[in-house]
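Student: Put together the whole structure using the sequences plus the hints.
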Amino acid sequence: MTAVQTSPEQHGDASDAAGQEQFPAGAQVLVRDEVWLVRNAVPTTDDGTRVEVVGVSDFVRDQEAVFFTGLDTVELIDPRDTRLIADDSPTYRRSRLFLEAVLRRTALPQSERRLALADSFLLDPLPYQRRPAELALSGANLRPRLLIADVVGLGKTLEIGLTLAELIRRGRGERILVVTPQHVLEQFQHELWTRFAIPLVRLDSVGIERIQREIPAGRNPFTFFKRVIVSIDTLKNTDQYRHHLEQIRWDAVVIDESHNLINRGSLRNQLAQTLAPRTDALILASATPHNGDARSFAELIALLDPAAIRDPENYRAEDIEHLFIRRTKVSTEVREQMKGQWADRGPSQAVHCPATPAEERIFEELAAVWLPRDGSPSVSSVPLFPYTLLKSFLSSHAALKATVSARIKTLEKKDDPRATEAELAALHRLADLAADLTEADSAKFAALVEQLQGIGVGPSSDTRVVVFSERVQTLEWLATVLPAALGFRGRTAKDCLRVMHGGLSDEQQMRVVEEFGLAGAPVRILLTGDVASEGVNLHRQCHQLVHYDVPWSLIRIEQRNGRIDRYGQAQPPQFRALILTSGTEGAKDDTLVSERLLEREDQAHRSLGTAEAVTGLYRAEAEEKSLIQDLLRGRTVDESLDGRRSGEDAGTDAMDDFLADFFGAVGDEPQAEHTEAGGQSAPETAGDTTGTGTGEGTGTVLPRLFDSTAHFLDEALREVYPDARDRLDLDRDEQSGLLSFRPPADLLHRLKALPVDYLREQRLRERLLVTFNRRLAQHSLQRAREAGSTSSWPEISLLTDLHPVVEWLTDKVLVRLGRQEAPMITAEVAEPTYLVQGVYSNALGRPTVVKWMGVTRSGAVDDDMVSLLRRSGVGPTMANKLRHRDPAPLAAAIPAVLEAAEGFMERHRDAWDRPLRESIERHKLRLGDWEQPTLAGEHTKRRLTDLADDLLTTGQRPMLRVLAVLLPDPDAPPAASAPLSATPAAL
-19 MTAVQTSPEQ HGDASDAAGQ EQFPAGAQVL VRDEVWLVRN AVPTTDDGTR VEVVGVSDFV
41 RDQEAVFFTG LDTVELIDPR DTRLIADDSP TYRRSRLFLE AVLRRTALPQ SERRLALADS
101 FLLDPLPYQR RPAELALSGA NLRPRLLIAD VVGLGKTLEI GLTLAELIRR GRGERILVVT
161 PQHVLEQFQH ELWTRFAIPL VRLDSVGIER IQREIPAGRN PFTFFKRVIV SIDTLKNTDQ
221 YRHHLEQIRW DAVVIDESHN LINRGSLRNQ LAQTLAPRTD ALILASATPH NGDARSFAEL
281 IALLDPAAIR DPENYRAEDI EHLFIRRTKV STEVREQMKG QWADRGPSQA VHCPATPAEE
341 RIFEELAAVW LPRDGSPSVS SVPLFPYTLL KSFLSSHAAL KATVSARIKT LEKKDDPRAT
401 EAELAALHRL ADLAADLTEA DSAKFAALVE QLQGIGVGPS SDTRVVVFSE RVQTLEWLAT
461 VLPAALGFRG RTAKDCLRVM HGGLSDEQQM RVVEEFGLAG APVRILLTGD VASEGVNLHR
521 QCHQLVHYDV PWSLIRIEQR NGRIDRYGQA QPPQFRALIL TSGTEGAKDD TLVSERLLER
581 EDQAHRSLGT AEAVTGLYRA EAEEKSLIQD LLRGRTVDES LDGRRSGEDA GTDAMDDFLA
641 DFFGAVGDEP QAEHTEAGGQ SAPETAGDTT GTGTGEGTGT VLPRLFDSTA HFLDEALREV
701 YPDARDRLDL DRDEQSGLLS FRPPADLLHR LKALPVDYLR EQRLRERLLV TFNRRLAQHS
761 LQRAREAGST SSWPEISLLT DLHPVVEWLT DKVLVRLGRQ EAPMITAEVA EPTYLVQGVY
821 SNALGRPTVV KWMGVTRSGA VDDDMVSLLR RSGVGPTMAN KLRHRDPAPL AAAIPAVLEA
881 AEGFMERHRD AWDRPLRESI ERHKLRLGDW EQPTLAGEHT KRRLTDLADD LLTTGQRPML
941 RVLAVLLPDP DAPPAASAPL SATPAAL
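Heads up: the sequence shown at position 966 corresponds to 946 in my numbering, and the numbers run straight through without jumps.
Hints are computed from structural coordinates only; laboratory data are not their basis.
Don't take every hint at face value.
Claimed, not checked - Below 20 Å or equal to it, Euclidean Cα-Cα: the simulated EDC-like pairs (lysine to aspartate or glutamate) are:
hint: 1; residue 1: K381; residue 2: D416
hint: 2; residue 1: K904; residue 2: D929
hint: 3; residue 1: K381; residue 2: D354
hint: 4; residue 1: K474; residue 2: E456
hint: 5; residue 1: K206; residue 2: E811
hint: 6; residue 1: K319; residue 2: D104
hint: 7; residue 1: K904; residue 2: D299
hint: 8; residue 1: K206; residue 2: D929
hint: 9; residue 1: K389; residue 2: E401
hint: 10; residue 1: K861; residue 2: D951
hint: 11; residue 1: K861; residue 2: E811
hint: 12; residue 1: K381; residue 2: E392
hint: 13; residue 1: K861; residue 2: E699
hint: 14; residue 1: K732; residue 2: E189
hint: 15; residue 1: K206; residue 2: D273
hint: 16; residue 1: K389; residue 2: E403
hint: 17; residue 1: K206; residue 2: E44
hint: 18; residue 1: K381; residue 2: D412
hint: 19; residue 1: K389; residue 2: D412
hint: 20; residue 1: K904; residue 2: E301
hint: 21; residue 1: K381; residue 2: D395
hint: 22; residue 1: K904; residue 2: E298
Stated by the list, open to error - Label-pair ranges, simulated between beta-carbon atoms:
hint: 23; residue 1: D396; residue 2: G355; range: 23 to 29 Å
hint: 24; residue 1: E401; residue 2: S485; range: 19 to 25 Å
hint: 25; residue 1: R698; residue 2: R889; range: 48 to 54 Å
hint: 26; residue 1: S246; residue 2: D58; range: 19 to 25 Å
hint: 27; residue 1: S720; residue 2: E898; range: 48 to 54 Å
hint: 28; residue 1: T925; residue 2: E619; range: 19 to 25 Å
hint: 29; residue 1: S485; residue 2: D706; range: 42 to 48 Å
hint: 30; residue 1: H223; residue 2: Q609; range: 28 to 34 Å
hint: 31; residue 1: D396; residue 2: L612; range: 47 to 53 Å
hint: 32; residue 1: A45; residue 2: A386; range: 35 to 41 Å
hint: 33; residue 1: T53; residue 2: R894; range: 51 to 57 Å
hint: 34; residue 1: A402; residue 2: R353; range: 17 to 23 Å
For each residue, glycine too, the CB sits at the ideal point set by N, CA and C.
Tutor: This is the structure in structure tokens:
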């Protein structure tokens, strides 16, 4: 595993000098008199190239390290010094495994736009979920950056996982940072591991404390692990973490629920501004990415591409189509692909609850003093407060008491008693009316008990329900009275119910979500505030949801419903809302606002797939504020909602027209597939020609010598651990495909990246259970959620190309050959044929062209090495006759072979480079048209122009590696030896 390097003097260009330090993954380097295997290499600003390695020679075997070429001498071994060796393994197993391992460890080139791994994960084959990854890799943008704005429930986490997996396979996902709300940390971590075998270390409040105890004082905690997931609420603490974040670069950053980043000057916005320029790939995700303000949305897009929008006040959808993707449940592609996999939701049922006498007395007080029926002034000097009071009462008497108490305290602090006297008197009257109310005086509570009993919630039932309320006081009051009313007694009264709201720590919130998703957990009722309305999956064991009170926002209603109405829901979701009604004349009960909002949300969902665009405000808080203001003006709910869309309010026409491009025609067919670099469209279906288990859309993206990863792993175990049954206590179930073994020390080191809870609960340090059988892995995942399970982590994990076990064995295979060694293989060839890898890279160290060649001593070149190997009979059935071959004359020809390979690559370089060059030139033209009248704008323009130049292939010669030599069999008849293809594979 060696390479040719060109000295800077040969080309004389500074950028060439910087780019000539190529250390491709899988190559061996010599550092500090030890041999290391390159895993990743990235140029740095000050210290040369950062080279991540794992030890090969005896003293450092399996040790991980990082070297900088500016600080250490990192010698990439000259291929002309390659030593040819015999392979004494049966069927040339060692050589075949070595070649396969090099293929696997080599990053896909920048020019490869097709998905390579999409069908190898624990997912349903849904093409719509692949489109974000396809967009990220399409070359439509300089870097893999996009905003995934699919509506609630379509599987944005899975789309992110697919995108990250493809980046990892391209060597662009070594260092990953995922930022999410605190209550979905474990959920996100769980999905990426169980579905994709991408481990993320969770740095919640407990995790960061643990890491800081383990690392030296002052060390950057984000350098300790390569791939981490952290709460945005933790990370936004800029005083504590900003200096760490400013000192580190990421390959990919994911920010979930990214609409929270919009407010300029907020801590979340500052965090995003810190991270965006320090990562290559940036993936933002939000079902509600727009707050109704064009400039704010432009600032969000600028995190992805600062030059995408020229005028932040005036732009169209086509300006950001390379960065933005959005679908709904009624979009044609989604609707057709999801048939039978996502149960249709039932209607939103309004449950009328006639007010009790005690509640009617409060309605009478509100109608007489706070919200007068005759239009006279309210007793409150704050116009919006009477509606705050009304909403708290419509939630519960407990919430009303808290609101009244807080307002009294506020008014008592004021210096003008006469100005507050009337309002204070009215507040005290309300306090007296509410003082002695209990659950017996609550019509909603009686209706809730009746509804829950009707759907089967009780001590002898497994039925689960989510009950939403906006008010913490309502949640806490319900928690004290609801279990007993439903018949729960003793210990079960405590275990049957959980409460979640924003006042809980991240650990507490994650524990509540996990318990509710476990079939074996005793919890039956989840009382939650709107903290659970964003991002949380509550559909695993539940399809019943009750709005105890209804938020005055269509967006918030939709977000709540989306917790159980989402991809993977097997039962039709059922929604109920408790509507408190009053017989008091002029009373503003739940029929005024809540019931009508329920109907409008349901209508919008069925016709548009989302309620987000109905009001044109795009934020729950803005919707509620606007509605209350319209109610104060005397408008109805329908007049308020329809007035904005019809442009009755000044200034709404332009905004509505602008946003229609983004959120209007959401049910249309997807655009034509992104074209390949060079203008050729990607094949729709190429079939499973790679042996990876992949099919649609993958074609021959991954060159493979083995017909599957399973066969590769099987052969690798036999080669590396011929006594695996004893050394690893390996047990193999041939019928199910389950592998069970005791992980050795070097694998345990890699497993540190797995979730701590997972390692502990499944005792993975003692025994690993893995499989290539997707049905078995899916069954294990499902079983983890069923009755009797105490953990949502599955016992068995699916082996994918990204799984630590596969990567561990791949590296073990690579180090089986010594320094500068290449095996000699007797095969069906007419003359000695050298297998050579050729790589062109850009200034960032990423491959732009990767060629696998067969080269003869006469200079003939075939650039389809895998096909050559198959034609030459290199495979599991070949025989190794252990015949001695003199390596000296073969080694003497290596310089000429390398010269022929280099000449071949130089002749075709322009054709290979053209698609990439044309794509980058288009970006530079767009940058040329982008003008910003500020110094910061000019700096951004220069930075993006430099980035575009850095993505082009450098002017240096290709990196070449001699991998092996195929030799003709002297015992074979001449006709049996296939000559090298006179016509190389199509370029």
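Student: Each hint needs a verdict: does it hold in this structure or not?
Tutor: Status of the hints after comparison with the structure:
1. K381 - D416: holds, 10 Å
2. K904 - D929: Status holds; Cα separation ~9 Å.
3. K381 - D354: violated, 26 Å
4. K474 - E456: Cα-Cα ~13 Å, so holds.
5. K206 - E811: violated, 46 Å
6. K319 - D104: Holds: K319 and D104 sit about 12 Å apart, inside 20 Å.
7. K904 - D299: holds, 15 Å
8. K206 - D929: Violated: K206 and D929 sit about 28 Å apart, past 20 Å.
9. K389 - E401: Holds, at roughly 13 Å.
10. K861 - D951: Distance of about 10 Å is within 20 Å: holds.
11. K861 - E811: holds, 18 Å
12. K381 - E392: Judged against 20 Å, a Cα distance of about 16 Å means the pair holds.
13. K861 - E699: OK: K861 and E699 at ~18 Å, within 20 Å.
14. K732 - E189: With a Cα-Cα distance of about 16 Å, the restraint between K732 and E189 holds, given a limit of 20 Å.
15. K206 - D273: violated, 37 Å
16. K389 - E403: holds, 12 Å
17. K206 - E44: Given that 20 Å is the threshold and the Cα spacing comes to 12 Å, the pair holds.
18. K381 - D412: holds, 9 Å
19. K389 - D412: holds, 16 Å
20. K904 - E301: Holds - the C-alpha atoms of E301 and K904 are around 17 Å apart, at most 20 Å.
21. K381 - D395: violated, 24 Å
22. K904 - E298: Roughly 18 Å between the alpha carbons, so the hint for K904 and E298 holds.
23. D396 - G355: 23 to 29 Å: holds, 27 Å
24. E401 - S485: 19 to 25 Å: violated, 42 Å
25. R698 - R889: 48 to 54 Å: With a Cβ separation near 40 Å, R698 and R889 fall outside 48 to 54 Å, so the hint is violated.
26. S246 - D58: 19 to 25 Å: violated, 54 Å
27. S720 - E898: 48 to 54 Å: Given about 52 Å between the Cβ atoms, the range holds.
28. T925 - E619: 19 to 25 Å: violated, 52 Å
29. S485 - D706: 42 to 48 Å: holds, 47 Å
30. H223 - Q609: 28 to 34 Å: violated, 43 Å
31. D396 - L612: 47 to 53 Å: Once the Cβ atoms are compared, 24 Å apart, the range 47 to 53 Å for L612 and D396 is violated.
32. A45 - A386: 35 to 41 Å: violated, 58 Å
33. T53 - R894: 51 to 57 Å: This hint is violated: roughly 37 Å between Cβ atoms.
34. A402 - R353: 17 to 23 Å: Since A402 and R353 have Cβ atoms about 18 Å apart, the given range 17 to 23 Å holds.
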